[in-house]
Amino acid sequence: MNEYRITQESLQAFVAALVADGLTVLAEAADGSGYARLAADDRVAIDPSRAPSRLSMKEHFFPKSEALFEYRREDGGFVLVDRLPEVRPTVILGARPCDAASIGILSKVFNWDYRDEFFNRRVDATIVIGMLCAYRDEHCFCTSVGGAPDSIAGSDLFLVPLNDGALGMRVVSDDGERFVTAYAHLFEWGAPGDPLQVDEALTLPSVRFDAEKVRGWIEGHFDDPYWSAASETCLGCARCAFACPVCHCFDIVDEDRTYGSGERMRNWDACQFGMFTKHASGHNPRAARAQRYRQRISHKFAYYPSRFGEVLCTGCGRCTRGCPVGIDIGAIAVEIGGMAS
Amino acid sequence: MTNIYRPELMVIREIIDETPDTRTLRLQFRDPEVAERFRFQSGQFAEYSVFGEGECTFCIASSPTRPEMIECSFKRFGRVTTAMRRLNVGDTIGLRGPYGNYFPLERMKGRDLVFIAGGIGLAPVRCLIWNALDLRERFGAITIIYGARSVDDLVYRRELDEWSAMSGVRTIVTVDPGGEREGWNGEVGFVPAIVEKIAPAADNAIAVVCGPPVMIRYTMPVLTALGFDDESIITTLENRMKCGLGKCGRCNIGDVYVCKDGPVFSYQQLKALPEDY
Amino acid sequence: MTESATNDIRAAARRLLADGTVSVVIGYGDAGPNRTVPIFARTAAQADRLVVSHSALNNLTVYLTRALRPVGGRIAIVAKGCDVRALVMLMSESQIAREDVYVIGVACAGVTTSMGQPMSAETVAAKCRDCIVRTPPLYDELVGVQCEPPATSDVLDRRIAEIEAMSAHERFDYWAAELELCTRCYACRQVCPLCYCTQCIVDRSVPQWIETSASPRANLSWNLTRAFHLAGRCVGCNECERACPAGIPLSLLNRQLAATALREFGYVPGIDPAAPALVGSYDLADREEYIR
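Protein chains in written order, with this note's numbering: chain A, 6 to 346; chain B, 1360 to 1636; chain C, 81 to 372.
None of these hints come from the bench; they were simulated from the model. Since the structure is predicted, the reported quantities are computational estimates derived from the model, not experimental observations. Please note: incorrect hints may appear among the correct ones.
[Stated by the list, open to error] Simulated DEER-style distance windows between Cβ atoms: (1) A:Gly82 to C:Glu369: 46 to 54 angstroms; (2) A:Gly287 to C:Val359: 26 to 34 angstroms; (3) C:Gly112 to A:Gly225: 28 to 36 angstroms.
[Claimed, not checked] As a list, the in silico PhoX-like pairs of lysine-lysine whose alpha-carbon atoms are at most 25 angstroms apart: (4) B:Lys1630 to A:Lys283; (5) B:Lys1468 to A:Lys283; (6) A:Lys218 to A:Lys113; (7) B:Lys1630 to B:Lys1619; (8) A:Lys113 to B:Lys1619; (9) A:Lys113 to B:Lys1434; (10) B:Lys1619 to B:Lys1468.
Where a beta carbon is used, it is the ideal one built from N, C-alpha and C, also for glycine.
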């Protein structure tokens, strides 16, 4: 296994070199807001025990709003101008596994039959340096949905804490291998020492539910009164969907910038909004909040797995931590698993 | 690198007002090369753009056997359809497509066809009717049962007259009770009731049904009672759609994407869907 | 707020349910150390989950709006002073009749800024500083012991003073930068008891008053419109700020609006149910000339 040893100094130098080379460097911000851009002289801290940020790194691959093309009124008709994104090469530094895993999961829906180049260009231009996660709370459940705190899924390189305070970096993908060659001179090479033998770094969160059982129950209980009970206090905001690393529903709207000319925008949307499924005729198959909440849970744990072979959830717990009324998706999955038995 | 969200440009060549609130646009691609390449099958839909207002989803109402003009028919409902009604001959709109699956013409070969439609639901069926009529020798007897709320709400009236005059095609037009007027000599009654009255033979026949949800709900049992099995009843589903490409999540019913697995479904497939549409 | 307040709440809830006064008690349920969630208690067992604590952050009045109100019978609600102020506003705006709700008022000793924190001078919510409703202005029965929360810093007022000292351009730049982070999740709107419009202005597409993209321009438009729609109505519960995933300091807007209502019109929303709405009434003594 290829491994580098990175000290705090060499990490700082690494970031400075990346920025000097014109790359964008993103890392989870100290204030917990999300993945933010690092400046060359920002103090870089890789802290495996920090809590997940409020927002995931989804926005980097799938922005909350982006232009799909421009339309311009010309000669009595229109001219369309593509706006495929020009993405600066980017490094995401210290992506936690529950975020890195989102890339593979989202790639399924963004590439089946029709390839979404807006998403793909961003993925292709990004190197993900994952990080072993030592954070645990009652809302995490990565191991229940096929993840783990040491999972390398979605990472090109992977950081593990060493017992002397330095970091070990493993090469995971060919892209990672190619990328790191230019910066290898900043690091030491070879077997650097034992990974940190701290219990929480290596102890896996216990599996809280069986995702297959949850899926089975959902598929057979479309009309169950449980859906109303579970969503009774839900306010119908979209914080859960927007904070989620893998929720991807979107809206397409036209916005004029000047008279007759403007942009067709793609914006985050959510099945939790009341108007999401409202037909032009006024008919709304999901007029009740409970129906919308059923869709959320069912899509994540039954429909997406059925279609694409992946649970549409990485167990990061952001939705629960952020929910203004504390609705707990992990607890719901556990309850459903219990009912399935 | 293809921008899958980018439409082709179309020019409006002709506008036909079917009813006070339903209009048909006859369109041609701006670029003859695109026109040359464009292929679609009956039942597929497209996303039509009014630039500055947005997109909306309609079936392609013209038959693939008549590719000179692409037609769409729409009712005024909201922002985009209202803006569409303000457009004139010569104006530009966008078209993305064709998307979705299509009517199973192969399976329909050699069989009698029963077309049942209500209101603007005739639009996707009309595409298939012309497709079948243009390839007449491939199919058996053709029955068309069409109804609307009132005489004024009947769409494609010229074509209803044309079909009525054809031999080998039986055309029955009905209006809802109360929707008739002086001089109306068609049927009076809801579409499901007229289907029951006409009682088309199920033997070696396929029924294609499209209309408002309530009409479909009451027509299905009538067809079942007449002996049509679930695979021999085909419908096309309207659902709120956005991207048409299976990505935005808007049209999902269970694990089915209406924009990719539909909009054409057999009654068998429809029954397997959760009641989420 | 003490253990006895929790016992009092549970006893009150059990009694109100048992004697049929109400069909449901909306209150705070225990969800772990320093954590509560809203719960709808309909049985004695559910009533025994009710608590009162420094983590009773939610403004449960939002569940009395028409869209969220549980159906069937009278509703009891556990409400702190700031929550009752919102209820008073709903009553004066004809959204709920007084007789349809039974208020279990909470004499409040302050709440924390967010869930999961024990109460201290560092964690006490900024809104609790100079709270004027430690005893709610309206209730059917009262639990808890009114006392001073730990002294909170005047950070909100200092921040407002800083912003008010800015030039118009600087102020615009400040809010433009903050609001650029808005994701348009509408959590602020959904938690707010006074955002109860059946069709929100941002959901209207004909005409499209406010663009739905999370662009700097559209975000300013949305957030400032919402702030104006709450001018003279917002009671400063600051749930919107707590709900915001982008960390936007919405409490600054709320407090500034409230200060303006007080300074210019002597008006404090949500204290007197009989008081006419500020934006729905005029006084010949009002300063603006154009209304005369």
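Results for each hint:
1. As the Cβ distance of glycine 82 of chain A to glutamate 369 of chain C is approximately 50 angstroms, the hint placing it in 46 to 54 angstroms holds.
2. Here the CB-CB span from glycine 287 of chain A to valine 359 of chain C is close to 32 angstroms, well matched to the stated 26 to 34 angstroms.
3. Evaluation of the 28 to 36 angstroms hint for glycine 112 of chain C and glycine 225 of chain A yields a pass: the beta carbon distance comes to about 31 angstroms.
4. At roughly 22 angstroms between alpha-carbon atoms, lysine 1630 of chain B and lysine 283 of chain A fall within 25 angstroms of each other, so this suggested pair holds.
5. A threshold of 25 angstroms between alpha carbons decides the hint, and for lysine 1468 of chain B with lysine 283 of chain A the separation of about 37 angstroms lies outside it, so the pair is violated.
6. Restraint check for lysine 218 of chain A and lysine 113 of chain A: satisfied, since their Cα atoms lie roughly 23 angstroms apart, inside the 25 angstroms limit.
7. Taking the CA atoms of lysine 1630 of chain B and lysine 1619 of chain B, the gap is about 18 angstroms. The hint holds against a cut of 25 angstroms.
8. For the proposed pair lysine 113 of chain A and lysine 1619 of chain B, the alpha carbon gap of about 15 angstroms is at most 25 angstroms, so the pair holds.
9. Note on lysine 113 of chain A and lysine 1434 of chain B: the hinted pairing is violated, with a Cα-Cα distance of about 35 angstroms set against a maximum of 25 angstroms.
10. Straight-line distance between C-alpha atoms of lysine 1619 of chain B and lysine 1468 of chain B comes to about 24 angstroms, which keeps the hinted pair within the 25 angstroms bound.
Checked against the numbered hints given earlier, the structure breaks hints 5 and 9 and satisfies all the rest.
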